[in-house]
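Peer 1: Protein chains in written order, with our numbering: chain B, 1 to 619; chain V, 1 to 85.
Hints are computed from structural coordinates only; laboratory data are not their basis. Don't take each hint at face value.
Claimed, not checked - Calculated lysine-lysine pairs in the DSBU-like style (CA-CA distance at most 30 angstroms, straight line):
{"no.": "1", "chain 1": "V", "residue 1": "K10", "chain 2": "B", "residue 2": "K9"}
{"no.": "2", "chain 1": "B", "residue 1": "K280", "chain 2": "V", "residue 2": "K72"}
{"no.": "3", "chain 1": "B", "residue 1": "K271", "chain 2": "B", "residue 2": "K370"}
{"no.": "4", "chain 1": "V", "residue 1": "K69", "chain 2": "B", "residue 2": "K593"}
{"no.": "5", "chain 1": "V", "residue 1": "K10", "chain 2": "B", "residue 2": "K593"}
{"no.": "6", "chain 1": "B", "residue 1": "K280", "chain 2": "B", "residue 2": "K264"}
{"no.": "7", "chain 1": "V", "residue 1": "K72", "chain 2": "V", "residue 2": "K4"}
{"no.": "8", "chain 1": "V", "residue 1": "K72", "chain 2": "B", "residue 2": "K601"}
{"no.": "9", "chain 1": "B", "residue 1": "K612", "chain 2": "V", "residue 2": "K72"}
{"no.": "10", "chain 1": "B", "residue 1": "K13", "chain 2": "V", "residue 2": "K12"}
{"no.": "11", "chain 1": "B", "residue 1": "K601", "chain 2": "B", "residue 2": "K466"}
{"no.": "12", "chain 1": "B", "residue 1": "K601", "chain 2": "B", "residue 2": "K9"}
{"no.": "13", "chain 1": "B", "residue 1": "K612", "chain 2": "B", "residue 2": "K40"}
{"no.": "14", "chain 1": "V", "residue 1": "K72", "chain 2": "V", "residue 2": "K10"}
{"no.": "15", "chain 1": "B", "residue 1": "K593", "chain 2": "V", "residue 2": "K4"}
{"no.": "16", "chain 1": "B", "residue 1": "K388", "chain 2": "B", "residue 2": "K593"}
{"no.": "17", "chain 1": "B", "residue 1": "K235", "chain 2": "B", "residue 2": "K280"}
{"no.": "18", "chain 1": "V", "residue 1": "K12", "chain 2": "B", "residue 2": "K601"}
{"no.": "19", "chain 1": "B", "residue 1": "K601", "chain 2": "B", "residue 2": "K524"}
{"no.": "20", "chain 1": "B", "residue 1": "K593", "chain 2": "B", "residue 2": "K271"}
{"no.": "21", "chain 1": "B", "residue 1": "K264", "chain 2": "V", "residue 2": "K69"}
{"no.": "22", "chain 1": "V", "residue 1": "K12", "chain 2": "V", "residue 2": "K72"}
{"no.": "23", "chain 1": "B", "residue 1": "K388", "chain 2": "B", "residue 2": "K280"}
{"no.": "24", "chain 1": "B", "residue 1": "K13", "chain 2": "B", "residue 2": "K40"}
{"no.": "25", "chain 1": "B", "residue 1": "K264", "chain 2": "B", "residue 2": "K552"}
{"no.": "26", "chain 1": "B", "residue 1": "K601", "chain 2": "V", "residue 2": "K4"}
{"no.": "27", "chain 1": "V", "residue 1": "K10", "chain 2": "B", "residue 2": "K471"}
{"no.": "28", "chain 1": "B", "residue 1": "K388", "chain 2": "B", "residue 2": "K370"}
{"no.": "29", "chain 1": "B", "residue 1": "K13", "chain 2": "V", "residue 2": "K10"}
{"no.": "30", "chain 1": "V", "residue 1": "K69", "chain 2": "B", "residue 2": "K601"}
{"no.": "31", "chain 1": "B", "residue 1": "K264", "chain 2": "B", "residue 2": "K40"}
{"no.": "32", "chain 1": "B", "residue 1": "K9", "chain 2": "V", "residue 2": "K4"}
{"no.": "33", "chain 1": "B", "residue 1": "K524", "chain 2": "B", "residue 2": "K593"}
{"no.": "34", "chain 1": "B", "residue 1": "K524", "chain 2": "B", "residue 2": "K280"}
{"no.": "35", "chain 1": "V", "residue 1": "K12", "chain 2": "B", "residue 2": "K524"}
{"no.": "36", "chain 1": "V", "residue 1": "K69", "chain 2": "B", "residue 2": "K524"}
{"no.": "37", "chain 1": "B", "residue 1": "K612", "chain 2": "V", "residue 2": "K4"}
{"no.": "38", "chain 1": "B", "residue 1": "K9", "chain 2": "V", "residue 2": "K12"}
{"no.": "39", "chain 1": "V", "residue 1": "K69", "chain 2": "B", "residue 2": "K280"}
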Amino acid sequence: MDMKGGFIKNLPKVYGLYTGGFAVFILIMAIAEQAGVSAKNIGVMFVAFTVLIYAFIGYLSRTVQVDAYYVAGRQVPTVFNGMATAADWMSGASFVALAGGVYFGGYTYMAFLVGWTGGYVLVATLLAPYLRKFGCYTVPDFIGTRYGGNLVRACSVFVLFIASFTYVTAQINATGTIASRALGIPFELGVWVGLISILICSMLGGMRAVTWTQVAQYIVLIIAYLLPVFWISNKIGGGVFPHLMLGDEVARLGELEQQFGLVKNSAADMKAAGVPGGLKYISGPHSGVPDGGMAVWKYLSLAICMMVGTASLPHILMRYFTTPSVKAARKSVAWSLFFIFLLYSSAPMLATLSKLALMDPNLPTGIIGKSISDVQSIAWVQNWSAVKQVFIADFNGDGILQLNEWFMRGDVVVLATPEVAGLPFVISGLVFAGGMAAAMSTADGLVLAISNALSHDIYYKIVNPKADTAKRLIVARVLLVIIGAAGAYIASFRLTSILGSVAWAFDFAMSGLFFPLVLGVWWKRATRQGAIAGILAGILSGWAYLLYVYPKFSVAIWGVAHEPWLGIDHLRFGMIGAPVCLVTMVVVSLMTKEPDAATQKMVDDTRIPTGKAVLGKQH
Amino acid sequence: MSNKDAYWAKTKNHMIVTLVLWAFFSLVIFMFGSELNTMSFLGYPLAYYMTAQGSLLAFVVMLFWTANKQEKIDEEHGYSEREED
Chain B
1 MDMKGGFIKN LPKVYGLYTG GFAVFILIMA IAEQAGVSAK NIGVMFVAFT
51 VLIYAFIGYL SRTVQVDAYY VAGRQVPTVF NGMATAADWM SGASFVALAG
101 GVYFGGYTYM AFLVGWTGGY VLVATLLAPY LRKFGCYTVP DFIGTRYGGN
151 LVRACSVFVL FIASFTYVTA QINATGTIAS RALGIPFELG VWVGLISILI
201 CSMLGGMRAV TWTQVAQYIV LIIAYLLPVF WISNKIGGGV FPHLMLGDEV
251 ARLGELEQQF GLVKNSAADM KAAGVPGGLK YISGPHSGVP DGGMAVWKYL
301 SLAICMMVGT ASLPHILMRY FTTPSVKAAR KSVAWSLFFI FLLYSSAPML
351 ATLSKLALMD PNLPTGIIGK SISDVQSIAW VQNWSAVKQV FIADFNGDGI
401 LQLNEWFMRG DVVVLATPEV AGLPFVISGL VFAGGMAAAM STADGLVLAI
451 SNALSHDIYY KIVNPKADTA KRLIVARVLL VIIGAAGAYI ASFRLTSILG
501 SVAWAFDFAM SGLFFPLVLG VWWKRATRQG AIAGILAGIL SGWAYLLYVY
551 PKFSVAIWGV AHEPWLGIDH LRFGMIGAPV CLVTMVVVSL MTKEPDAATQ
601 KMVDDTRIPT GKAVLGKQH
Chain V
1 MSNKDAYWAK TKNHMIVTLV LWAFFSLVIF MFGSELNTMS FLGYPLAYYM
51 TAQGSLLAFV VMLFWTANKQ EKIDEEHGYS EREED
């Protein structure tokens with residue numbers, strides 16, 4: 001494939017054909033289902049077909065050039081970069097777990113939605129256009145050049161590594177889960193199948209290959225998310241366009257909550273009934289806002305952590321290094337958020353529809369308030385009970401299923417709702433392919449962010465600055481495989497629980513990177529010593545607080561679980577790390593000598609869209 | 001004041017305006033969640049609507065607006081990049 005001007009101009013045609021081809025594939029699968037092909041085989045074909053296409057795109061995008069490998073040759077058009085960023089951003093967790101989170105958490109949980117979108121305003125105004133102008137290959141490349149010196153570069157690579165690695169194991173875990181369910185293989189094997197798929201997409205072409213596969217993955221995942229939402233909405237009478245029309249359904253859920261009652265189960269009861277781990281029940285209101293200042297603070301602090309964390313995550317920032325211009329970088333952030341919005345605004349709608357389908361006794365799908373023996377004879381309840389994804393506990397022994405007696409894993413909302421609402425299996429196969437696309441695209445971006453920082457910033461800039469192009473690219477690829485394998489190894493032993501929540505990645509990134517990046521552009525007086533002190537103080541204080549506040553860690557270290565300060569729990573530890581980073585950085589900068597004239601000139605050049613980049617095309 | 005300084009002063013003001021709007025839609029309105037939820041929009045309780053969809057949409061619109069405005073500032077000061085291709 002010719003990757004120069006011709007290819008770029010033909011992109012709309014190429015991806016148009018691809019989308020059409022995918023639609024035809026869905027139709028063929030639908031016909032196959034009618035013709036009697038088993039559900040399992042349809043699932044296998046969906047995942048296998050899409051993964052092979054990504055691998056093919058990855059192979060076509062192979063390269064031997066440094067700037068193509070690191071920044072896709074800086075020629076990715078605005079809208080396509082927006083799609084690639086959206087796929088990079090929306091992880092397997094977003095795809096399968098977000099709607100489930102809203103389903104169980106209601107209003108309180110939706111702070112994540114605001115956080116994971118609002119952060120892009122910070123990206124667009126404070127960072128993306130300036131980092132693009134700077135001309136860096138990686139995020140630590142900016143910090144290392146702006147502040148000068150190997151130590152500050154190494155410190156920023158350290159933060160990047162902690163934040164991104166926390167995230168990537170969860171993504172490889174998700175690819176493994178989906179691959180194992182769709183292909184009917186053990187989880188441990190699924191993880192390695194997932195890893196090989198990820199590596200084929202990224203190894204030969206680096207950022208260029210990841211870019212073009214991510215665009216393809218976005219198209220699959222957005223179709224796979226939106227089609228069932230619209231279909232279910234129309235099927236259960238929610239309206240043609242659910243986003244604008246579910247007001248009555250939301251109100252109805254409020255009535256049903258009143259009718260059934262929101263009861264909190266005691267831990268002892270749940271243990272006695274043998275509820276499997278990770279399963280949840282509805283105990284909070286769907287649209288109601290909890291009262292009190294503490295509830296408001298918890299909402300706001302979570303939103304702040306996710307927003308500031310978004311603006312500090314290297315795998316997202318580096319997507320804006322690939323646009324042809326500064327102007328395009330700004331617009332590209334806007335397009336990214338538009339494509340993200342399409343999925344994120346649909347998650348609460350899916351949660352609403354799914355909840356109503358189960359709770360409303362007037363709908364044929366309703367199960368709450370029905371007799372337990374009837375519910376247990378429903379096919380999907382049996383299937384998902386068998387794999388411990390749903391569970392029924394008759395606490396009051398009346399033989400009727402109460403709201404607090406129905407337990408379910410969050411993922412089931414996305415994975416099983418099509419089946420619950422009686423959609424054909426082809427839709428469930430499509431959802432598997434979408435989940436796989438979401439998990440793979442994020443894992444790709446993260447593995448590449450880590451291995452690029454190690455190969456460019458540690459190997460080339462610090463260890464061996466004389467390395468030639470061929471050697472640099474070999475090192476980059478070897479590191480890519482090592483990082484991927486390390487992530488898969490941890491995932492395959494199910495050690496991910498020790499790494500905790502993906503929210504931690506945001507907290508780590510905001511603790512160590514947000515202020516050094518922002519002040520690097522917006523405050524000329526920021527010095528090297530200030531940056532080093534800030535990064536270390538931020539990440540170490542955040543980390544220390546995490547050990548203090550996360551029960552599993554604090555019990556192991558201190559023998560007791562600590563009460564969070566001011567409601568700042570383990571999901572929000574960036575609220576400690578980032579302010580510590582800011583104060584330290586400002587104080588130390590003011591105590592040390594002002595940056596020299598050359599550095600000040602560098603900052604001036606960064607702020608203006610025209611003129612030469614600070615770092616050359618090849619560096 | 002040199003052209004460069006004037007450009008940066010304007011860019012900075014524009015950044016502040018954008019961040020004020022951002023803070024309004026991401027933080028300020030959710031300080032009054034319970035109060036807002038007594039009102040309704042499209043039939044949804046207002047605070048629920050904003051966190052599920054409204055603020056998200058506001059961010060998207062804001063980003064296109066802010067990029068266009070910044071392009072105008074670039075042009076005024078002669079820092080507009082030539083269209084590539």
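Peer 1: It remains to establish, for every hint, whether it holds in the given structure.
Peer 2: Quick rundown of the hints versus the structure:
Restraint check for K10 of chain V and K9 of chain B: not satisfied, since their Cα atoms lie roughly 35 angstroms apart, outside the 30 angstroms limit. Only pairs whose Cα atoms come within 30 angstroms are accepted, and K280 of chain B paired with K72 of chain V is rejected, the gap being roughly 51 angstroms. Pair hint K271 of chain B plus K370 of chain B holds up; C-alpha atoms about 24 angstroms apart against a cutoff of 30 angstroms. Distance check on the hinted pair: K69 of chain V and K593 of chain B sit about 36 angstroms apart at the alpha-carbon level, beyond 30 angstroms; violated.
For a cut-off of 30 angstroms, the pair hint linking K10 of chain V to K593 of chain B stands: about 28 angstroms separates their Cα positions. A distance of roughly 11 angstroms separates the Cα atoms of K280 of chain B and K264 of chain B; the hinted pair therefore holds under the 30 angstroms criterion. Between the alpha carbons of K72 of chain V and K4 of chain V the distance comes to roughly 15 angstroms, so the proposed pair stays at or under 30 angstroms and holds. Proximity of K72 of chain V to K601 of chain B is assessed by CA-CA distance (about 24 angstroms); at most 30 angstroms being required, the pair is judged to hold.
Between K612 of chain B and K72 of chain V the CA atoms are separated by roughly 21 angstroms; this keeps the pair inside 30 angstroms, and the hint holds. At roughly 40 angstroms between alpha-carbon atoms, K13 of chain B and K12 of chain V are farther apart than 30 angstroms, so this suggested pair is violated. Of the pairs offered as hints, the one joining K601 of chain B and K466 of chain B holds, with about 27 angstroms between alpha carbons and a cut-off of 30 angstroms not exceeded. Restraint check for K601 of chain B and K9 of chain B: the C-alpha separation of about 36 angstroms exceeds 30 angstroms, so the hint is violated.
About 56 angstroms separates the Cα atoms of K612 of chain B and K40 of chain B, which puts this hinted pair outside 30 angstroms; it is violated. The straight-line distance between the Cα atoms of K72 of chain V and K10 of chain V is roughly 11 angstroms, inside the 30 angstroms bound, and the hint therefore holds. Of the supplied pair hints, the one linking K593 of chain B and K4 of chain V holds, its CA atoms being roughly 25 angstroms apart against a limit of 30 angstroms. Restraint check for K388 of chain B and K593 of chain B: not satisfied, since their Cα atoms lie roughly 62 angstroms apart, outside the 30 angstroms limit.
For a cut-off of 30 angstroms, the pair hint linking K235 of chain B to K280 of chain B stands: about 26 angstroms separates their Cα positions. Annotation: proposed proximity of K12 of chain V to K601 of chain B holds, straight-line Cα distance about 18 angstroms (limit 30 angstroms). Of the supplied pair hints, the one linking K601 of chain B and K524 of chain B holds, its CA atoms being roughly 9 angstroms apart against a limit of 30 angstroms. For a cut-off of 30 angstroms, the pair hint linking K593 of chain B to K271 of chain B is broken: about 61 angstroms separates their Cα positions.
Straight-line distance between C-alpha atoms of K264 of chain B and K69 of chain V comes to about 51 angstroms, which puts the hinted pair past the 30 angstroms bound. The hinted pair formed by K12 of chain V and K72 of chain V meets the criterion: a straight-line CA distance of about 14 angstroms does not exceed 30 angstroms. Proximity of K388 of chain B to K280 of chain B is assessed by CA-CA distance (about 12 angstroms); at most 30 angstroms being required, the pair is judged to hold. With a C-alpha separation of about 33 angstroms, the suggested pair K13 of chain B and K40 of chain B falls outside the 30 angstroms cut-off, and the hint is violated.
For the hint pairing K264 of chain B with K552 of chain B, the CA-to-CA distance comes to about 24 angstroms; that is within 30 angstroms, so the pair holds. Restraint check for K601 of chain B and K4 of chain V: the C-alpha separation of about 12 angstroms stays at or below 30 angstroms, so the hint holds. For the suggested pair K10 of chain V and K471 of chain B, the alpha carbons sit about 45 angstroms apart, so the restraint of at most 30 angstroms is broken. With a C-alpha separation of about 21 angstroms, the suggested pair K388 of chain B and K370 of chain B falls inside the 30 angstroms cut-off, and the hint holds.
Annotation: proposed proximity of K13 of chain B to K10 of chain V is violated, straight-line Cα distance about 40 angstroms (limit 30 angstroms). Restraint check for K69 of chain V and K601 of chain B: satisfied, since their Cα atoms lie roughly 26 angstroms apart, inside the 30 angstroms limit. Taking the CA atoms of K264 of chain B and K40 of chain B, the gap is about 38 angstroms. The hint is violated against a cut of 30 angstroms. With a C-alpha separation of about 35 angstroms, the suggested pair K9 of chain B and K4 of chain V falls outside the 30 angstroms cut-off, and the hint is violated.
The hinted pair formed by K524 of chain B and K593 of chain B meets the criterion: a straight-line CA distance of about 12 angstroms does not exceed 30 angstroms. Proximity of K524 of chain B to K280 of chain B is assessed by CA-CA distance (about 50 angstroms); at most 30 angstroms being required, the pair is judged violated. Annotation: proposed proximity of K12 of chain V to K524 of chain B holds, straight-line Cα distance about 14 angstroms (limit 30 angstroms). Annotation: proposed proximity of K69 of chain V to K524 of chain B holds, straight-line Cα distance about 25 angstroms (limit 30 angstroms).
Taking the CA atoms of K612 of chain B and K4 of chain V, the gap is near 15 angstroms; set against the 30 angstroms cutoff, the hint holds. At roughly 35 angstroms between alpha-carbon atoms, K9 of chain B and K12 of chain V are farther apart than 30 angstroms, so this suggested pair is violated. At roughly 46 angstroms between alpha-carbon atoms, K69 of chain V and K280 of chain B are farther apart than 30 angstroms, so this suggested pair is violated.
In summary, the numbered hints that this structure violates are 1, 2, 4, 10, 12, 13, 16, 20, 21, 24, 27, 29, 31, 32, 34, 38 and 39.
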